[in-house]
Amino acid sequence: KQEVTQIPAALSVPEGENLVLNCSFTDSAIYNLQWFRQDPGKGLTSLLLIQSSQREQTSGRLNASLDKSSGRSTLYIAASQPGDSATYLCAVRVVSDYKLSFGAGTTVTVRA
Amino acid sequence: DGGITQSPKYLFRKEGQNVTLSCEQNLNHDAMYWYRQDPGQGLRLIYYSQIVNDFQKGDIAEGYSVSREKKESFPLTVTSAQKNPTAFYLCASSIDNYEQFFGPGTRLTVL
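Going line by line, the protein sequences match chains A and B. The first sequence begins at 28 in the working numbering and counts up one residue at a time. The second sequence begins at 18 in the working numbering and counts up one residue at a time.
For the record, the hints were derived by calculation from the structure and aren't laboratory data. As the structure is a prediction and not an experimental result, all values here were calculated from the model. A virtual CB, placed ideally from N, CA and C, is assigned to each residue, including glycine. Careful, some of the hints might be misleading.
Unchecked claim - Just some of the chain B residues that point at chain A, by a computed CB distance under 8 Å:
1. L60
2. G75
3. Q117
4. F119
5. G122
What the hints assert, rightly or not - Far from chain B, by Cβ distances over 10 Å, these chain A residues were calculated:
6. G43
7. N49
8. T53
9. A56
10. G87
Please model the entire structure based on the sequences and the hints provided.
Put into structure tokens, the structure is as follows:
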């Protein structure tokens, strides 16, 4: 069974600092990995999807890396802004299954 | 505007009552999913459907039922057999089980 862990559970940084969010997973036979953002009481917004054959994916200030052999992905958010305050979720799909296995998320607060 | 809609936004259930949550998508996606989210936990899969008239149980299907009569619609019924239904319910869809897109969610509370 795929286990997905996100540490830390919460993070508070001053505006302008770069954010580094970690995701680890136990089964390296993944099909893809997705990073989501969730605002309080809202649904999930897809940020980045990394295929198993890719090492990283970029969108604007966001960059996600994938190291399958070590079972890790990292989401980098450059020059954080108060609007980046949210919970960030990592989800992994294994090759043999259709479902996503989710981590519990990292709640980020960016202080103005 | 393409997207996924869920209704209602808030739902209250009395003991012994069945309630149905709506999920509609106009993205022409084949696959649809229902997840449950509890505080401090990751999302857990309840049911998923890859095509019309076919669906499979996820990790926590007990006490729930679904139907998939139309491509655009995947309603979830929370039955009285679900003993702890208070949670945030999220519907998602995808093309060929690729990137998943989520609706705004329904918050269900037991009175």
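Here is how each hint holds up against the structure:
Annotation: L60(B) was flagged as interfacial toward chain A, and the flag holds, the nearest CB pair being 4 Å apart, inside 8 Å. Nearest Cβ of chain A to the Cβ of G75(B): about 6 Å, under the 8 Å cut. The hint holds. With its C-beta approaching chain A no nearer than about 6 Å, Q117(B) sits inside the 8 Å limit, and its interface hint holds. The closest approach between the C-beta of F119(B) and any C-beta of chain A is roughly 4 Å, which is under the 8 Å cut-off, so the hint is satisfied.
Proximity of G122(B) to chain A holds as hinted, the smallest CB-CB distance being about 5 Å (cut-off 8 Å). Against the 10 Å criterion, G43(A) stays outside the reach of chain B, whose nearest CB is about 29 Å from its own CB. Consistency note on N49(A): stated as away from chain B, and its beta-carbon is indeed over 10 Å from all of that chain's, at 15 Å minimum. With a least beta-carbon separation of about 14 Å from chain B, T53(A) lies farther than 10 Å from that chain, consistent with its non-interface assignment.
Distance check on A56(A): its Cβ is at least 16 Å (rounded) from any Cβ of chain B, clearing the 10 Å threshold; non-interface status holds. Every beta carbon of chain B lies more than 10 Å from that of G87(A), the smallest distance being close to 17 Å; the non-interface claim holds.
Figure legend: structure checked against the earlier numbered hints; every hint is met.
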